[in-house]
Amino acid sequence: MIRLEKRPMPSRLWTVLTPIVAVLGTMVAGGLMFALLGKDPFEAIRTIFYDPLFNDQFAAYSRPQLLVKAGPLILIAIGLSLGFRAGVWNIGAEGQYIIGALCGAGVGLALYPSESFLVLPLMVAVGALGGWAWAMIPAVLKTRFNTNEILVSLLLVYVAEQLLASASLGLLRNPDGGGFPGSRNFQQWEAAANPELISGTGMHWGVVAAFIAVIGAYTMLSKHMLGFQIRLTGSAPRAARFAGVNPVRLVLICLGLSGALAGMAGLFEVTGPAGQISIDFGSGYGFTAIIVAFLGRLHPIGILLAGLLMALTYIGGELSQFMLGVPAAAIQAFQGMLLFFLLAVDVLSNYRVRIGKPGVA
Amino acid sequence: MSDTLLALDGLTKAYPGVIANDDVSFSIGVGEVHALLGENGAGKSTLVKMIYGLVKPDAGKMTLHGDAYAPGRPSEARSLGVAMVFQHFSLFEALDVAENIALGMENPPKRRELAARIREVSNAYGLPLDPGRLVGELSAGERQRVEIIRCLLQNPRLLIMDEPTSVLTPQEVDILFGTLRKLSAEGTAILYISHKLDEIRALCDAATVLRRGKVVGTCVPRETTARDMAELMVGSTLHTPERRSTASEDVLLELRKVSLPAATPFGTSLHDISLSVHAGEVMGIGGVAGNGQDEFLSVLSGESLLAPGHIWVAGDDIGAQPPQTRRGIGVLAAPEERLGHAAAPDMSLVENALLTGSVRQKLAPNGFVNWSATRVFAEKVIADYDVRTPNADVAARALSGGNLQKFVIGREILQAPRVLVVNQPTWGVDAAAAASIRQALLDLAEQGAAVIVISQDLDELMEIADRFAALNGGRLTDPRPTQGLTIDEIGLMMGGAHDMEVAHAAQ
Chain A
1 MIRLEKRPMP SRLWTVLTPI VAVLGTMVAG GLMFALLGKD PFEAIRTIFY
51 DPLFNDQFAA YSRPQLLVKA GPLILIAIGL SLGFRAGVWN IGAEGQYIIG
101 ALCGAGVGLA LYPSESFLVL PLMVAVGALG GWAWAMIPAV LKTRFNTNEI
151 LVSLLLVYVA EQLLASASLG LLRNPDGGGF PGSRNFQQWE AAANPELISG
201 TGMHWGVVAA FIAVIGAYTM LSKHMLGFQI RLTGSAPRAA RFAGVNPVRL
251 VLICLGLSGA LAGMAGLFEV TGPAGQISID FGSGYGFTAI IVAFLGRLHP
301 IGILLAGLLM ALTYIGGELS QFMLGVPAAA IQAFQGMLLF FLLAVDVLSN
351 YRVRIGKPGV A
Chain B
1 MSDTLLALDG LTKAYPGVIA NDDVSFSIGV GEVHALLGEN GAGKSTLVKM
51 IYGLVKPDAG KMTLHGDAYA PGRPSEARSL GVAMVFQHFS LFEALDVAEN
101 IALGMENPPK RRELAARIRE VSNAYGLPLD PGRLVGELSA GERQRVEIIR
151 CLLQNPRLLI MDEPTSVLTP QEVDILFGTL RKLSAEGTAI LYISHKLDEI
201 RALCDAATVL RRGKVVGTCV PRETTARDMA ELMVGSTLHT PERRSTASED
251 VLLELRKVSL PAATPFGTSL HDISLSVHAG EVMGIGGVAG NGQDEFLSVL
301 SGESLLAPGH IWVAGDDIGA QPPQTRRGIG VLAAPEERLG HAAAPDMSLV
351 ENALLTGSVR QKLAPNGFVN WSATRVFAEK VIADYDVRTP NADVAARALS
401 GGNLQKFVIG REILQAPRVL VVNQPTWGVD AAAAASIRQA LLDLAEQGAA
451 VIVISQDLDE LMEIADRFAA LNGGRLTDPR PTQGLTIDEI GLMMGGAHDM
501 EVAHAAQ
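Taken in order, these protein sequences are the chains called A and B. Per the UniProt record's numbering, residue 1 is the first one in the first sequence, and the count goes up by one each step. Per the UniProt record's numbering, residue 1 is the first one in the second sequence, and the count goes up by one each step.
Simulated from the structure, these hints should not be mistaken for laboratory data. All of these numbers come straight from a predicted model, not from anything done at the bench. Don't take each hint at face value.
The calculated lysine-lysine pairs, modelled on DSBU-like cross-linking and capped at a C-alpha distance of 35 Å, are [claimed, not checked]:
no. : chain 1 : residue 1 : chain 2 : residue 2
1   : B       : Lys380    : A       : Lys223
2   : B       : Lys56     : A       : Lys6
3   : B       : Lys182    : B       : Lys110
4   : A       : Lys6      : B       : Lys61
Next up, chain A with everything else stripped away, as it sits in the complex (with noise of 0.2 Å):
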């Protein structure tokens, strides 16, 4: 019989190789699947994993576009992980990332055509705000009435989509447009625009937010009292409030916290690689964020490395449907497969595994 015991400290050897054993995992039963859908399962993965950074023929288009994809999820990942080391769950960061986008989108094209150079710090600022806003929704009900955030997070973000589609149908629609649904593009407007920064590397200003983030966070988590007390919420509750620290101002940093860097990554993501709202600019940041988190283990430089991964995945996924053919959703299964493995192998890092009768011990 094959029990689990549980190990008197965390294992540090484990802590770190779960996530390489949750990677290889993930490539073999990614494997299994791609070969159950009649595709080559090395070929699958080489093109997944490899061809995006080395292969002559894609690599000058798909090595910036790591940086593209990794910014806003590390810059989400780092947010939503604060609240979920503290026990806090929210799941909408998707939708706080359309409202932060539209939001600041909103009140930059109310400036159009201003070419002040303050234009687009500005809408940084608003992005972040209508974040927090959004996410204040399930953290004020929660600490007031008791609700369950992760319910209502969730729920919100399918709020946010159905005003996204207004807002692009409507009041945030071009009105040189002709017609077609969708807001001016930022990119043709100077003071409004988030380019790539350094030529041929993908890098914009939400990418050199995210990696402020990471230090932030780092920082937060080891030498200051608030990420203590986060950590100490999400590891002993009740020990928590005996050292003074009060729930609701967590909840309420935490959620904030997390929507107003949601916010941030949407309105970098309109102002730059989108270009413009339109109906289908929520592309499930928001929720791969969750996996990136976990991936990282909820730790600023995992996340990091998490999200560089995750990216990888994200436009090794295109590559191997334009290649191979093989279809969207086995792209997103295979990233959840990603989760699960981490989560499986996660048990190993505080628990042994034995192999014998019970109660011998």
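With chain A held as given, fit chain B onto it using these hints.
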């Protein structure tokens, strides 16, 4: 008493890093009340778990009535006539007595039949119990009766009782002893685990003393002094804390009509508690577990906030102040539950030092944690309170209960509190460490602090407290000086024997 019921021969059990039982041999006769005596960590629990089939020995064998006995599971032990009443009850509060008893049986009879049998057994042994009452409404003593009757319904030949009196008032202890003597007279053997020597001298026919997993002696308790048994148990002469009364006239802490509604359906609410504690005084709060001790501590630590005006510390109204503000003023607390309440299990001792030390030790000026100062503080607690740990980076959950208790108490005392509230300060700590914790509490009072000790160990309270009050159903009795207080008076303050007097009279 000449027949041997259970014989243990060379039982050995090792866990990684510690030998819990080393070649333990002794035997229990039919109808004998046998005491198993030893400090916390001496290996008593492991030994009875082996007898009850919860743990399998590495070596050695047991015989029951001359037959080889090696239970693989508790149900096997029960079917062979070995029953056990645990220190911590396994009862469902939302179910009634009969339902709880039925859950513990292999083949429970029909409800009406079972209720009749419960009444029959409870009357026969002077343990009145209404089968239809919800367990959540019962006192700790009554809950224990549920556990005992559950065992008795299976007609055990050996009844193991693990520290049964820790949840009882002195009067309830008398009634329990009556029941146990009656069982013994009818031929049921009892293995009685305790470290309370007076009880053992009053009840037991024979005693086996364990120390660090080994049998270090046997004695006939009635013919041995408590002091001799204690020295056998501890292995050295005991140091009794020096007590000087240093209470002054100044009231340092004042509670004015403190009430707190229960947080959960079966929790305890506090009613109109008023109390003044003087500088330099040790105030002892007794009471059976679950009568409001946790709630009382939470009101003082700031985990439960009150309207302003109910709690005063030297002129400051702190009743509505959160924990960190109170720590700034000098009001510190150490809750009973070490893992998960007083300390975060998965965090290191350094981080746990920060948990309550951040304000008063100024470990996080302007919000950023000074980890090197925190480490120095944690290492000082470890050194001063003899916390056995490889280093300060070990997770709290890796420490033994007693060592973590020393850390928690030391962490608060070293912050030089003006008011200190501790719940069960020496629970699970070995005798020598318990004596040094008590001495530290007395020293703290001598330096002018007001110390409140909540404890279920009456001997401890009598040893160190200047005044004594009891919590009973969320109300606090009027405090009385401990000098000259008799055990009967204390028992009555704790609520007497609840409704057990009826049974007493009927006998």
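Exercise for the section: Take the C-alpha atoms of lysine 56 of chain B and lysine 6 of chain A, compute the straight-line distance between them, and say whether it is at most 35 Å. Expected result: 19 Å, holds
Handout entry: Holds or violated: lysine 380 of chain B to lysine 223 of chain A, with C-alpha atoms at most 35 Å apart
Key = Given that 35 Å is the threshold and the Cα spacing comes to 21 Å, the pair holds.
Handout entry: Given pair status - lysine 110 of chain B, lysine 182 of chain B, alpha carbons within 35 Å
Key = OK: lysine 182 of chain B and lysine 110 of chain B at ~28 Å, within 35 Å.
Problem - Agreement of lysine 6 of chain A and lysine 61 of chain B with the hint, judged by alpha carbon distance not exceeding 35 Å - result: 29 Å, holds
Hint compliance for this structure: no hint is broken.
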